[in-house]
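Colleague: Read off the chains here:
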Amino acid sequence: MGSEHTVKSFDEELRRLDNMLAEMGGLAEVQLQSALEALIRRDTEKAAEIVANDRRLDHLEAEVDQHTIAMLARRQPMAKDLREIVGALKVASMIERIGDYAKNVAKRTAAIAEMPPVPSAQTVVRLGGLAQQMVKDVLDAYLSRDLDQAKSVRARDRELDALYTSIFRELLTYMMEDPRNISACTHLLFVAKHIERIGDHATNIAEIVHFLVTGEMPADERPRQDESEMTIVTAHTTGGEN
Amino acid sequence: MIAMQATTGRATDAAASPVPAFMTRDVCVFYGQKQALTNVSLDIHRNQVTSLIGPSGCGKSTYLRCLNRMNDIIDGCRVTGSILLDGQDIYAGSMDVVHLRARVGMVFQKPNPFPKSIFENVAYGPRIHGIAKDKTELEAIVHNSLEKAGLLAEVKDRMDQPGTGLSGGQQQRLCIARAIAVQPEVILMDEPCSALDPIATARIEELIDELREHFAIVIVTHSMQQAARVSQRTGFFHLGILVETGDTEQIFTNPRDKRTQDYITGRFG
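Order-wise, the sequence lines are chains A and B.
In this text, residue positions in the first sequence follow the numbering used here: the first is 1, and each later residue adds one.
In this text, residue positions in the second sequence follow the numbering used here: the first is 1, and each later residue adds one.
Just chain B, same shape as in the assembly (with noise of 0.2 Å):
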């Protein structure tokens, strides 16, 4: 009589999708004597958007900038566990990290295009990773990127100019074209919306669900809304420890843990 069922189906990690893109197992992550991630271990799935919530410092970003090794270049931070990608271990010596980072793109809070025209941003990966063969190809690839990333009826009259020169919502629009551009597996943003009025996250967060179908999407957000309007997989950070992960519909209906319930409800923990 009642549709009120909160969750349909509990998945597990394991039965969400065969093979996950990243299996991410017992990750500790240490700045210097400083532990800011202890024991996370998560999957990532294809065609999926797994988002990670939780207070300022709980370690979400941490564990974000690891996939795609973005820690490497802060002084005196260590991580152990393992991440594998496609059952690979990224961390292991024979990783090309400039590689690593085209298979696993980054788009960050701030829209950061490169001083440089609209075409050159989205050109600049292919080129250095020599996915295109030729200018033509190099084109073919810039229009498509700019497409999938919805930007393309926008700027196809003005590709020469500076990609800085774009509204806000367009820069980071362009900042995911770039990230696609080099045919990546899977796409990190780091609160990607942050900086956006309400009909430019509205885009963004469309441009997320449209993207699923072609790569996974690892989104740290802020906001929880976003984070359950955008997202299939959700996991709650605080104090360094994955707290509890699930289907998003059940981590924002009916959560298990008695912190991701404070948290999310907006109580005092």
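Same shape as in the complex, but just chain A (with noise of 0.2 Å):
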């Protein structure tokens, strides 16, 4: 944070609200690793916990809007602590979001959890792996303002695009191959996407990061490799007419 303020309680402030984020941030890894692992083991009773553990991330989130606001009344910012608070608001509004998607994730697996499971479940399990990575790298670039790992965390965007579009493909061909699978297919499919968006939230953390540490956002266009809104995949019957 560099030399320290004039007046100290505006330094303490900015550190207590450096201490908020690092705790969401924490409580949002801790909700991630959680949904994967009770996806995995197709554990209904983790994903339930999971589910009701995301109240706290919303309330930590109504507190730092609160210190938030109160800061940019009292202290009216400039520049660098301008760009901080008002980051850490974003931020913080990025972190609830990943972990409401962690909480969604959580909700399918109790459906998927019912049903007999999908090959590819084991590459949407790979899939979020990343995306755990990904979270926990901006976090990391977040706290220490580490504006190389950002840039990495941001490329890094592209690769869980090209691999969320390739389930896409796999997931509509197996519902294509059997209509029994269309239901667990369906499920997976929103627990991919879950995590795909979370992708982007670390993408956007990373972009603030950029911001904080220069004072602007990236100038370049952000990667982007989902191809899903654009994939079609025809049907090829056993013994078709064609």
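Keep in mind that the hints were calculated from the coordinates and are not lab data.
In this text, a Cβ means the ideal position worked out from N, Cα and C, and glycines have one as well.
One thing to keep in mind: the hints can contain errors.
Stated by the list, open to error - In silico DSS-like pairs for lysine-lysine, Cα to Cα no more than 30 Å straight-line:
{"no.": "1", "chain 1": "A", "residue 1": "90", "chain 2": "A", "residue 2": "136"}
{"no.": "2", "chain 1": "B", "residue 1": "116", "chain 2": "B", "residue 2": "133"}
{"no.": "3", "chain 1": "A", "residue 1": "90", "chain 2": "B", "residue 2": "258"}
{"no.": "4", "chain 1": "A", "residue 1": "193", "chain 2": "A", "residue 2": "90"}
{"no.": "5", "chain 1": "A", "residue 1": "193", "chain 2": "A", "residue 2": "136"}
{"no.": "6", "chain 1": "B", "residue 1": "116", "chain 2": "A", "residue 2": "8"}
{"no.": "7", "chain 1": "A", "residue 1": "107", "chain 2": "A", "residue 2": "136"}
{"no.": "8", "chain 1": "B", "residue 1": "156", "chain 2": "B", "residue 2": "116"}
{"no.": "9", "chain 1": "A", "residue 1": "151", "chain 2": "B", "residue 2": "110"}
What the hints assert, rightly or not - Per label pair, the in silico range of CB-to-CB distance:
{"no.": "10", "chain 1": "B", "residue 1": "258", "chain 2": "A", "residue 2": "70", "range": "23 to 31 Å"}
{"no.": "11", "chain 1": "B", "residue 1": "110", "chain 2": "A", "residue 2": "8", "range": "31 to 39 Å"}
{"no.": "12", "chain 1": "B", "residue 1": "223", "chain 2": "A", "residue 2": "65", "range": "23 to 31 Å"}
Said to hold, decoys possible - Part of the chain B face toward chain A, derived, beta carbon under 10 Å:
{"no.": "13", "residue": "23"}
{"no.": "14", "residue": "222"}
{"no.": "15", "residue": "250"}
{"no.": "16", "residue": "253"}
{"no.": "17", "residue": "254"}
{"no.": "18", "residue": "256"}
{"no.": "19", "residue": "260"}
Both chains come to you apart, so use the hints to assemble them.
Modeller: Structure below.
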């Protein structure tokens, strides 16, 4: 944070803000980790726990909102201080969203556990692992204001998107092969989509880190490899007429 | 996705407006042996508010006073470098200082109306500069100036009463009316709101924004929030040096120099 403010209590308030964000980040990481474990083990009890725990993140976000608004009103911050405070406000809402997606994955887990396993589940777990690492790294980058690490997270979103697109294709294919897979595959597809969105939020946080450190948003277009919106898988029925 | 860009468009001095009202280059000011200002180069553009900020004794007021040669009256004060108003060197021997101060008006920290009527306060300048042909025209100028200064409605029924009887905020607006009555190109303001309450301050700030349509305005202020609110360009002075100048938005969200950063965020330098 550089040199200290003439008004010491301002520094304390900024430190407190950092601590709140660190707590939120830690909690979101744990939620995501648990959600992925529950998914692998088809553990509905744990899934229910995750859903209940999400409330803690919501409360923390509300606290950050309150604290930042009070700081803006009281300190009328400028330059780096302004970026720190506005950045924290935005990052808190992104972490809260990541928590929401982890919760959504847990909710789907309850349904998925009722159905026979789909082969793609392993790939979805791999997707989750990628997202988890991005979240962990971007939170580290945020707390240490590490521009290089933030850039590396932002670059990795491409990989996540590509894997998501391939999962999308795979699941569509299973559904076409056997309509009895549709229910499980649909739930799994939503899980994959939630994880892909977590990656987007990690990327958003990486961009905020860029803004905090340099004062500017990244100039280049963000990498994008999610092609699922344009993906069509055509059915090739066995013994087809054409 | 995130509309948080700190600065939109980095206008340079050259890009802001084709011909600046003031072009100052390498301005140095000495009070006897002591150097108060070192190589300040800055353009003041028309229809823009330029704010000068910095800690006490940084040279911002000294610089401001160079622009209408107010420093001339200080013994042992020497100004070097070039200060061009519309391309004309204001320190040239041929420059009529009285005329210069009509073209470059000034408003001070403490409202200083003449001990005369409200009408006379505003009429004085146009009269001595021979701007008005006759009484009717003079009255029109006074009216117009008070109108532009946002004071007319409040004083139109008591024009013959002393200007010193007005409230602080009204007195300051009277001084602004007095400055604009002689149709200046540039208005210099040295801490124009520091003696005013928040409501009077807000009215002056609103006025500054309106006046920008007709004049170039330079304002020295200790209130960073005020500089951020009223100006389009900001210059930060420190120890007699112009440390950084830029679009106001950039200076207050993303200053490039660490000294600017430390000053505006209230840190030890």
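Colleague: Does each hint hold? Answer for all of them.
Modeller: Status of each hint after checking the structure:
Taken as a hint, the residue 90/A and residue 136/A pair is honoured in the structure, with Cα atoms around 17 Å apart against an allowance of 30 Å. Between residue 116/B and residue 133/B, the direct Cα distance comes to roughly 22 Å. Compliance with the 30 Å bound is thereby established for this hinted pair. Distance restraint check for residue 90/A and residue 258/B: the Cα-Cα separation of roughly 25 Å lies within the 30 Å cut-off, and the hinted pair is therefore satisfied. Using a Cα cut-off of 30 Å, the hinted pair residue 193/A and residue 90/A holds, with the two alpha carbons roughly 22 Å apart.
The hinted pair formed by residue 193/A and residue 136/A meets the criterion: a straight-line CA distance of about 19 Å does not exceed 30 Å. Between residue 116/B and residue 8/A the alpha-carbon distance is near 49 Å, which puts this suggested pair outside the 30 Å criterion. About 22 Å separates the Cα atoms of residue 107/A and residue 136/A, which keeps this hinted pair within 30 Å; it holds. For the hint linking residue 156/B to residue 116/B, the alpha-carbon distance of about 16 Å falls within 30 Å, and the restraint holds.
About 52 Å separates the Cα atoms of residue 151/A and residue 110/B, which puts this hinted pair outside 30 Å; it is violated. The beta-carbon spacing between residue 258/B and residue 70/A, approximately 28 Å, falls within the hinted interval of 23 to 31 Å. A beta carbon spacing of about 34 Å between residue 110/B and residue 8/A agrees with the range 31 to 39 Å that was offered as a hint. Look at residue 223/B against residue 65/A: about 28 Å separates their beta carbons, and that is inside 23 to 31 Å.
For the restraint placing residue 23/B at the interface with chain A, the shortest Cβ-Cβ distance is roughly 28 Å, beyond the 10 Å limit, so the hint is violated. The beta carbon of residue 222/B is not positioned within 10 Å of any beta carbon in chain A (closest approach about 14 Å), and the interface hint is therefore violated. Annotation: interface hint on residue 250/B holds; nearest CB of chain A at approximately 8 Å, less than 10 Å. For residue 253/B, the interface hint holds, the least distance from its beta-carbon to any beta-carbon of chain A being 6 Å, beneath 10 Å.
Because the smallest distance between the Cβ of residue 254/B and any Cβ of chain A comes to about 3 Å, under 10 Å, the interface hint for this residue holds. Against a cut-off of 10 Å between C-beta atoms, the interface hint on residue 256/B holds, since the closest Cβ of chain A lies about 9 Å away. Given the 10 Å rule on beta carbons, the hint for residue 260/B holds: about 8 Å separates it from the nearest Cβ of chain A.
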